[in-house]
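Trainee: Chain by chain, the residues:
2 protein chains.
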Amino acid sequence: MMSKNLCLKDIIGRKEKFIIGLNSGTSANGIDACLAKISGSGYSSKVEFVAGATYPISREFQTLILKCAEPSFNDASAWLALDIILAEHFAKAAGRIIKKAGLNPEQISLIGSHGQTIRHMPQTKYGTITYQLADPARIAVRTGIITVGDFRVADTAAGGQGAPLTPIVNAILFGKKDRSIGVLNIGGIANITSIKSNRKGHEIFGCDTGPGNMIIDWLTKKLFQAPFDKGGKLASQGKACRAIIDNIIKQKYFAIKGVKSTGREQYGDEFCASFLKSCKKRNLSKYDIMATATQLTAIALSKCCTINGLKFDELLLTGGGAKNLFLKRAIKDELPNSQIDLVNARGYHSDYLEAISFAILANEAICSNRYDLTTITGSAKAVVLGKICQP
Amino acid sequence: MMSKNLCLKDIIGRKEKFIIGLNSGTSANGIDACLAKISGSGYSSKVEFVAGATYPISREFQTLILKCAEPSFNDASAWLALDIILAEHFAKAAGRIIKKAGLNPEQISLIGSHGQTIRHMPQTKYGTITYQLADPARIAVRTGIITVGDFRVADTAAGGQGAPLTPIVNAILFGKKDRSIGVLNIGGIANITSIKSNRKGHEIFGCDTGPGNMIIDWLTKKLFQAPFDKGGKLASQGKACRAIIDNIIKQKYFAIKGVKSTGREQYGDEFCASFLKSCKKRNLSKYDIMATATQLTAIALSKCCTINGLKFDELLLTGGGAKNLFLKRAIKDELPNSQIDLVNARGYHSDYLEAISFAILANEAICSNRYDLTTITGSAKAVVLGKICQP
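Residue numbers (the numbering used here), protein chains in the order written: chain X, 1 to 391; chain U, 1 to 391.
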């Protein structure tokens, strides 16, 4: 009746663990899976990338997920069903990445799964409400591997916004003694993590800096009928108009010190159309417009650093925008005293950095490491993130 | 930034643990809390009852919970809010039972929380869907105590119905070497756990036996305007009509061998009204009717034992019906070879047996003990029950 094959206690005691990280982003177009070899924990973790892949989600299923994630969607039964279907997909993704790495499930110590965010409402009357689907208990039973999931709830219970959690991982992966490190993640929105070492370990600060690729992508579609400015080639043929940038940077948002987050709403159609109009008023060429939008991202970062007193010996770039060479150069111009590199140069493929984050956080949960996210999510006390589910 | 006060590993290693169990039943009229001292785990657990209490839920809040639990209710946002409010109530109940026991939170190793069932749908096209509110991660953060919750999901992922889980606990609490034990829980519906020791530990079987107090309570209200037959006094003044009972026991349900469950629907208004009609046709007195309904519960148990080949050296009674002396005697008549006792005689107050169950299951989860519930919930493989959440 009772058996005891795999013990949580034994897994905790393992010096070296193969851990899988699973994640599906807000666009829900695929499940990112990665497999890492992790030894130690906390700031003395050693994390070795073993394998990564993105397993596409069918267009039909993606449509269903996106529908369920709409703010106006409120069908509880549909969520309960989706929770189960998504967990089965996540479990399959775990199985596939194990195979890709040439390993057996028995060799895997843990899975860390972010799940699929279906609702994220900061600052309601109940605090932040955040809800991820793909039940980790189901992933554990299906794979036979201890699975840690639901990473955001504990932070919201402690008064935080449950996001972002990547700054912790950036500190674990990239933090150095005697050197201050910045990690700039350039997605639609750009966010920065600053990691300064101190006697206790690391002092971490993180916030959104403003637009990342959102305006650039919008303009590339509008002016060049292409999805994005590959390598920054379009921008590099123009010259940025500083007056337009300065006008934007004067806005209140950029003067806010400390924790802040920007939504997609802020730099959507309306903002981009008005930006384009200002450029045309000044008779900028299509290329000048691209250069201006790209330099805005760099100057927004620089403004954020000035206001918050951030200085980096090294600045690591990740996210889609990291591949934009014009942007990279513009950032170098703004922060001439920082050594600028891609995270790829540190051995981590930027496409799988989020998935690897949850492998790392699973390890942290098992080792009962508490993080104080006051300066990142606004939480009131240090908590352990994640629920541990055994098969 | 990072701290490490309380380690999961240390808690697992503790020989003796104070553990809190929390539960709120389908009637949602209060949170049952109990505190137990548990040493060891599995079938060699030693469980000592320390304190128990039921903390009432306000009528207003109860109404909200019951509304949210209606099968037709489908408002996802309301569930997300209720999840948070309930967790705060559960956390408070934990705080109060610690105080009542004269202990400090630092002395408590674990909380096991069942939460509030808000949806239970066996055998949908996705398997059993079961959903409990009062997020254990929130309880953990609020109390500062590691909390295990969401006990039913893993079993449903393994193909089971996620319920009942109490047979495992009955085996741990009452199982004996060389003696076969039965535990009869007489609520509205009655269910039996049979525990036979074998070389591997215990062989457990559990199922509903049929009506418990449902018909008796209905008739007491109808014929005597009282909520229930206290001590079985009404029934003891009458004489049961065997012909009526035999007619009911002939029904298909009582002939089903193996795992089966009965719903409240089956012995509701319709059944009770028809039962009363049959009694009146035979000119039974009010007291004879009570005796007949009460003996039906005993004979339904006996029929279940015959069909499933169950024999008990000891039969332990729990639930509201255990206090009905006429029923106890009727059971003794049906099972003359069994020694019949109340669970209270074994040191466990029957009012807190469910709450204590989740304290025990929390300990089992931490110790990674897997249970094969094939003969109870219909699951396909042994799993560890519960998600572990650290503060």
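Source of the hints: derived by calculation from the structure; they are not laboratory data.
Check the hints yourself; a few may be wrong.
Given that identical chains are not distinguished, each listed pair holds provided it fits within a single copy or across any two copies.
Below are the DSSO-like pairs computed for lysine-lysine, each with C-alpha atoms no more than 27 Å apart in a straight line [claimed, not checked]:
hint	residue 1	residue 2
1	Lys37	Lys9
2	Lys92	Lys381
3	Lys222	Lys381
4	Lys99	Lys381
5	Lys233	Lys177
6	Lys100	Lys252
7	Lys280	Lys200
8	Lys37	Lys99
9	Lys9	Lys46
10	Lys125	Lys92
11	Lys222	Lys260
12	Lys125	Lys67
13	Lys323	Lys311
14	Lys196	Lys37
15	Lys233	Lys67
16	Lys67	Lys46
Trainee: Please flag the earlier hints that this structure goes against, numbers listed from lowest up.
Mentor: 3, 5, 6, 7, 11, 15 and 16
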